[in-house]
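What follows is each chain in one-letter form.
Protein chains: 2
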Amino acid sequence: MSFLAELRFVTSNDHKFREAESILKRFGVNISHARISYPEVRSDGVEEVALNSAQYLSKELGPSFFLEDTGLFVDALNGFPGAYSKWALEKIGLNGLLKLLEGEGNRNASFKAAIALFDGEVRVFTGEVKGSIALEASGASGFGYDPVFVPEGYGKPFAELGEETKSGLSHRRRALEEMVKFLKRK
Amino acid sequence: MSFLAELRFVTSNDHKFREAESILKRFGVNISHARISYPEVRSDGVEEVALNSAQYLSKELGPSFFLEDTGLFVDALNGFPGAYSKWALEKIGLNGLLKLLEGEGNRNASFKAAIALFDGEVRVFTGEVKGSIALEASGASGFGYDPVFVPEGYGKPFAELGEETKSGLSHRRRALEEMVKFLKRK
Chain W
2 MSFLAELRFV
12 TSNDHKFREA
22 ESILKRFGVN
32 ISHARISYPE
42 VRSDGVEEVA
52 LNSAQYLSKE
62 LGPSFFLEDT
72 GLFVDALNGF
82 PGAYSKWALE
92 KIGLNGLLKL
102 LEGEGNRNAS
112 FKAAIALFDG
122 EVRVFTGEVK
132 GSIALEASGA
142 SGFGYDPVFV
152 PEGYGKPFAE
162 LGEETKSGLS
172 HRRRALEEMV
182 KFLKRK
Chain S
2 MSFLAELRFV
12 TSNDHKFREA
22 ESILKRFGVN
32 ISHARISYPE
42 VRSDGVEEVA
52 LNSAQYLSKE
62 LGPSFFLEDT
72 GLFVDALNGF
82 PGAYSKWALE
92 KIGLNGLLKL
102 LEGEGNRNAS
112 FKAAIALFDG
122 EVRVFTGEVK
132 GSIALEASGA
142 SGFGYDPVFV
152 PEGYGKPFAE
162 LGEETKSGLS
172 HRRRALEEMV
182 KFLKRK
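Order-wise, the sequence lines are chains W and S. Read left to right, the first sequence gives residues 2 to 187 (the numbering used here). Read left to right, the second sequence gives residues 2 to 187 (the numbering used here).
These are computed hints drawn from the structure, not numbers from a lab. Everything numeric in this text was worked out from a predicted model, so none of it was measured. Incorrect hints may have been included.
[As the list claims (entries may be wrong)] Chain W is faced by these chain S residues, among others (derived, beta-carbon under 7 Å):
hint : residue
1    : ARG36
2    : ARG43
3    : LEU78
4    : PHE81
5    : LYS100
Each residue gets a CB set at the ideal place from its N, CA and C atoms; glycine is no exception.
Input sequences plus hints: build the corresponding full structure.
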């Protein structure tokens, strides 16, 4: 499948790139890193953000490329920080999120990833993992909210489970797998 | 000045419209309400958000109209919630903001408004008011963060000072005044 050799992942986040690279390698898909910044629309939905950005970039870049938008949606905070997760982390940090949940009984949350692939037209693939927000941050692997997000059925946050385990079950893994299924059907 | 009769304020926020209407009336400027939704770019800066939205709308609406973007920038939270103030309020509420500042000695904050006017080309006018975040919410006038924002030199939040006082000193008032100065020079 020669097209796979030219598949670019557009992201300015090195962690995301390495994670995606390692996941896709297992499926026999090689990617290259296109470190390009692009505008994002304001929207609560990661699908809409990814779709719009890919449509915008499709005019500048030829096929094939994909990009990704991820959000952590905390139930007790009406879905905060959602599609603004990266921004919120820069502003208030993990401590800010933990502070917002102090005294809160419901710590349910979900991680959602939306991947927009442009291969002549834009297609969106999504992945979700349910879980909860830990009482405190722990662990050193991964990035972003990994030290506080405990996936359902595990008793530890992503950052303690290690990259191998995270890559097997994460929202990103699920969305990437959907994309791979599509690419292999082509 | 006949052009002033046709000046539209594009906003879906009735509070903002009424506030602007009452402020502009004192300057002899009448406005009409264009209740139109429009896309906003992701940006930390209210100027950039207003500018982009006005450029977008200028293709759909003729001159003359203006729109406004406002943000509350809290120093100890690295400028959170900033240009995402409305969104953050919907998600975490005033209580969320107060929770984030619990135990924080520095409660300094500023309100910034950016008005983008389209009269054939887009011009941006800004206004800022410095102040601090109260320990708890109080007062019933105004909207948004008014119950917790205490402007410098007053000992009470906007929502306790009343609309009259707020209209005399607010970030919105200052930005509108800059626009009026420009319109009257024309």
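Tested hints:
Because the beta carbon of ARG36 of chain S sits about 19 Å from the nearest beta carbon in chain W, more than 7 Å, this interface hint is broken. A least Cβ separation of about 5 Å between ARG43 of chain S and chain W falls short of the 7 Å threshold, and the interface hint therefore holds. With 7 Å as the threshold, the beta carbon of LEU78 of chain S comes within range of chain W, its nearest partner Cβ sitting at about 6 Å, so the hint holds. For PHE81 of chain S, the interface hint holds, since its Cβ comes within 7 Å of a Cβ in chain W; the closest pair sits about 4 Å apart.
Below 7 Å, beta-carbon pairs count as interface contacts, and LYS100 of chain S has one with chain W at about 6 Å; its hint therefore holds.
Hint check: a violation occurs at hint 1 only; the rest are consistent with the structure.
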